[in-house]
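K.L.:
Letter by letter, the chains look like this.
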Amino acid sequence: MKLRAALMISASLLATPVLAEEMTIGLSAPLSGAQAYFGNTWHNGFKLYADALNKAGGVNGVTINYNQQDDKADPREGTLVAQLFCDDDDVVIGLVNFNSGVAQSTLPIYDDCGLPNMTFGSNPSLTQQGYEYMVRPVANDLAGALLPAQYALETLGAKTAVIVNDKQVFGQGISEIFGKNFKDGGGEVLDTLAVAPTDVDFSAVLGQIKQMNPDVIYLGAVMPQLALFARQMHDQGVKATLMVPDGGYTPEFIEQAGAENVEGATVAIQVPPMDASDAIKDFAAKYQEAYGEEPGPYSIYGYVQGQILEEVLKTTADLSREAMNEALHNVSVDTVMGHLEFDENGDLKVAPSFLYKVEDGAFVLIDQM
Amino acid sequence: MVGHFVQQTVNALTIGSIYALIALGYTMVYGVLKMINFAHGEMFMLGAYAAFLALSLMVGDVGSAGALALTVAFFAAVLATGFVGVGIERLAYKPLRSSTRIAPMLSSLGVSLALVAAIQILAGPQPRAFPSFFPNERFEFFGGSLTTIQIGILIASFILMGGLQILVTKTRIGIVVRAVSESRATAQLLGINVNRSISMVFFVGPLLGAAGGILYASYYGVMTPTMGAVVGLKAFTAAILGGIGSIPGAMLGAFILAAVEVAGTALLPIVSFGTLGTEYRDVLAFAILILVLLFRPAGILGEPVSEESMVYKREF
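Taken in sequence, the protein lines are chains D and Z. With full-length UniProt numbering applied, the first sequence corresponds to residues 1 to 369, in that order. With full-length UniProt numbering applied, the second sequence corresponds to residues 1 to 316, in that order.
Just so you know, these hints were derived from the structure itself, not from any lab.
Computed Cβ-Cβ distance ranges for the label pairs, DEER-style:
# : chain 1 : residue 1 : chain 2 : residue 2 : range
1 : D       : 87        : Z       : 155       : 53 to 63 Å
2 : D       : 108       : Z       : 58        : 46 to 56 Å
3 : D       : 294       : Z       : 56        : 15 to 25 Å
Positions of the beta carbon are idealized from the N, C-alpha and C atoms, including for glycine.
All chains, full assembly: derive it from the sequences and hints.
P.N.:
Shown next as structure tokens:
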């Protein structure tokens, strides 16, 4: 009896300091496949900030471990990763799922096991389903599809639009929101066409669109379909202005489509230009130094999520999932993207949005809100 | 309306001729070995990657390659892929030739996965921009628009298909290959080198597949390690549709499949008043396949089912 008590005391003495000094964050995103670039550069942005925190001795003595997993942008893989994080007691917070479609299937799992998470999927419905353990530190598609619709109507003077989507949670969601905004602003949506997410040939669809002769085409899809579509649009002689969502904000969009084929196409994304402020310039320089390449389209959000995690670790009562969730929902922090707080659903209270246009093979900022 | 029709016809012909080049590989291997080579879709993918590699070795910056470099890269890549095909047959299929018919088929599935993984490791998993092998000029044609790439693809694939037809029907190699296809044992008794003619089939099939891959990648401007999977399946469908084992059948099947796809994309939303969208074009293509298999199992130009071929089927 005595021995057992002594063992228990020494075990708890050993265990307590370890628990207090290390926490593990579960990172999940596509690290291979067509969207690997997005996932890797997003996570790199986060690691850049977290590594600096660790180097400085952690937050109040707590250092950050990673458990980084590849969800391959596939809902089935995503749920496996979610279960893995849930079952690992060391993981107390998750930075998860780049894709809305993947998040849609993993959020119930995270909610069931009470693992607080920062979700990246931008489909507005994700935060409307009553999940108590999620926040979304990026703008949702309501913002992402408002700016392009306004721009099309007001600046381009567009009257008609055709919407094409890939029938995925993200692509269909954001294109429907664009359609609604376009109609509300007085425009006419001539037709909504769907393509399969594996399609590479859009010539037949474009043949149809050409007959309708719309002023703009909104394409709710991801890479590499965005580039394929843009190129074939030019080949088929379709004159409309192409508008695409955030997945197109990558040099590959221009490279794979061919610069002359995407001239004038617009891309809406939540990311400011990398010289928008001193803090952002500083981030871009650090990123360049750490990884030897330009920041990816979402790297800055990884960095912001590092700043959120720092604030959570500063304000949390302890390192339990429950306490971390409480602190995460009540976070109020100044980041490189400005001040940031979450509403009761876990959405950003103020969500920025930016619109770029391809000009001479580069992205130029044309509008923001 | 005429313009629309012309446009969609050109689109269907372009896709169809690429499908046809790949379908020929499936059909030739089946004709000679009675085996479905599932690694054939990957020959299509390898062709594009080999051409890209050849270009970057020659000119460094692939985007600025001149006509000579492009021509050399095209021929180097198709020949290299042909030799890869021969090597795969030697390593993965020949040792299994006397075992059950299912064994080399499964072996080909393994080869297919291994090739995709190898390219993903060597060249990275993400899609890559692919240079155009023809100057891309667009001009109006009866109200539709036609690009020089499409014309180039049509010409190149018809030359290749015509060449194959001449090779098979008019040359000594063709006679030997057809003899082996008719009966391997009899051909051997007559002093034909069976191994060499099988190697020939595994050289020509992947060569045509690789040419298809290069044309396809330069048409769409992108190549990915997994591009062989979907297109390979379509070409396989085309080969079955036309009657597997028949060379004209493979070409016919490919053009029918492409026409059904394009017409389906254009017409489905109209005939269904918008409830069925263009995303169902694959469903339509495979539905046609099921119908053909139900009512004419040998395919459109395939040999009708005889007692002899029933004996073949029982070997499964």
